[in-house]
Amino acid sequence: MSIFSRLGKYIKSAFVIAELELRKIRHDQTQIWIRTVQPALWLVIYGYTMSNISALNQYLPHNVTYLQFMTPGILAQSVLFVAIFFGITVVWERDLGLINKLLSTPAPRSSIVIGKALSAGVRGIFQTVAIIILALIMRIHLILNPLSIFGLLIVITLLGMCFSALSMALAPVFKTRERMMGIGQAITMPLFFASSAIYPIEIMPSWIKPVAVVNPLTYVVSALRGLLATGDLHQLPLDIAVILGSTIVLLVLASVGFKRLAT
Amino acid sequence: MEQKAIIVENLVKEYPRVKAVNGVSFDVLQGEIFGLLGPNGAGKTTTIRTLLTLIKPTSGKVTMYGVDVARNSETVRGMCGYVPQDVSADGDLTAYENVLIYAKLYNMPRQERKKRIMDVLSYLEIKERANDMVNTYSGGMMRRLEIAQALVNRPKVLFLDEPSIGLDPNARRIIWDLINRLRTEFGTTIFLTTHDMNEADILCDRIGIMNKGSLATLDTPERLKASVGGDVISISSNSPTCPVKLTNMGYKVISDAKNGQCDLVVDNGETLIPQLLSSLNTVGVTVNAVSLKKPTLDDAFLKYTGSRIEEGPGETFQAAKRARTAFRRFTQ
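The listed protein sequences derive, respectively, from chains A and E.
Residue 71 in my numbering sits at position 71 of the first sequence, and the numbers go up by one each step.
Counting the second sequence from 1 gives a position; my numbering is that position plus 1000.
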């Protein structure tokens, strides 16, 4: 078999796995709307309250309100929260027998992992649409042009893939749904607070700044903020490079561990 | 000479604490229904998963239709269909979608896809409900759908891990008929595991009895049963001369005078009974009741492993049924 037809099959099976997820979302759209409740609370309650702290404004980028500043952060947070618990689904599917059956097809194992990660990205995109609609209803001004929307789709897909890969890499280690739930909760908050999602890095205590620098979520938020709020794209290539790099590393780790799920 | 579909040579799978499969060797012929029978934990599922390349064996060699399983795992997976013991259909999709995903993963050409999916769904008699969500399916329908997923690629070898576990007797019967039809109509080689004696006896051409990671014996159900000993005919009669008369006729009799019962160990009990009754009649013995007990696979299992299958099928059946019900409840 030529390398191209192999690669073609590889990509195809990853997309088939993602298609499976898309079809599930089509059958049950309410989950998307239920999941916008939490970001809505963050924007409406936390966002409006923090907007009243005028001291905060001096740290914000020029001509950006706190709500504009925060919306990309909340967007990243809501996709992160869904992706980080993706491992639970994988453990659940393994307990049922679905994973074993998937692994018994000719589809290469790592393409199944990539497909699963891609489907978390797909979920993230639906989530994003819901939150953007919410932001528009709240009259938060966001930059929405073909270029920024295209960039948004790429970053959100990578975000979903990155953290669902992290979650899938942890699944073969922890193996039960309860532990995965605990692990998810243990890592989401540090990831979220040690990023620039809801406040600028400049006002963080100095000891936490290094954490923010190595946190992939910081780069996600930075990319989203550049695209949607400030329009300042000079850091975008670096942001995307860091996110892409972490996604690839985590996908490799998840693929290596995935075989252990079958035994 | 019959062609071999699968050749397993000295298969070993060790885990840190247990030796799940301990040097197993056997062949599976093309177009036969081959069963591995044994209690839970005997190593049946590990063996099946090793053949399917889901688990790497510690040592040993498996060849499937001339292909080395360890070297060409993708080719091997492409010619197999697998129905795991647990629930493997996705409740959040329709039956059609469940099969469609597998048709795509098996790289089925687009032009053929739709027709083949509908064919397999109608073969399994779930076509009418093809567009219903699977979490509304009964256990038996779900099992048929799982088989449909495995069949859509027209596998050379179909692997069924405990095919009728958790199903009610009627659904069980339907699955058994289906497995038989698959073999006669398409010549599919079928490899199944079971801990249910009855299932192994009804379905399989040959049975390997597995216990504690080893293959205790391998033969046809008839020969396995015959190896235990003959049939037992029990005759109860009021006439006290009955045991003597039977002995005179040349039978080996174990008599119990108290309740007037005589047990004979014979071959082909069912054909012998009419003959036996008429000869007893001519010598003036009145027979009140006759019963025939054929040796069961359970007796054979006992002989070769020194123990009965510990966990009654009832318990496992209930556990699997609970799992299926819980699954549906969760996904609804």
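By construction, these hints were calculated from the structure, which means they are not laboratory data.
Keep in mind that a hint or two might mislead.
[To be verified] Within a straight-line C-alpha distance of at most 27 Å, the following computed DSSO-like cross-link-like pairs (lysine-lysine) qualify: (1) A:Lys-175 with E:Lys-1004; (2) E:Lys-1061 with E:Lys-1212; (3) E:Lys-1114 with A:Lys-12.
Cross-check of the supplied hints:
{"no.": "1", "hint": "A:Lys-175 with E:Lys-1004", "verdict": "39 Å, violated"}
{"no.": "2", "hint": "E:Lys-1061 with E:Lys-1212", "verdict": "20 Å, holds"}
{"no.": "3", "hint": "E:Lys-1114 with A:Lys-12", "verdict": "18 Å, holds"}
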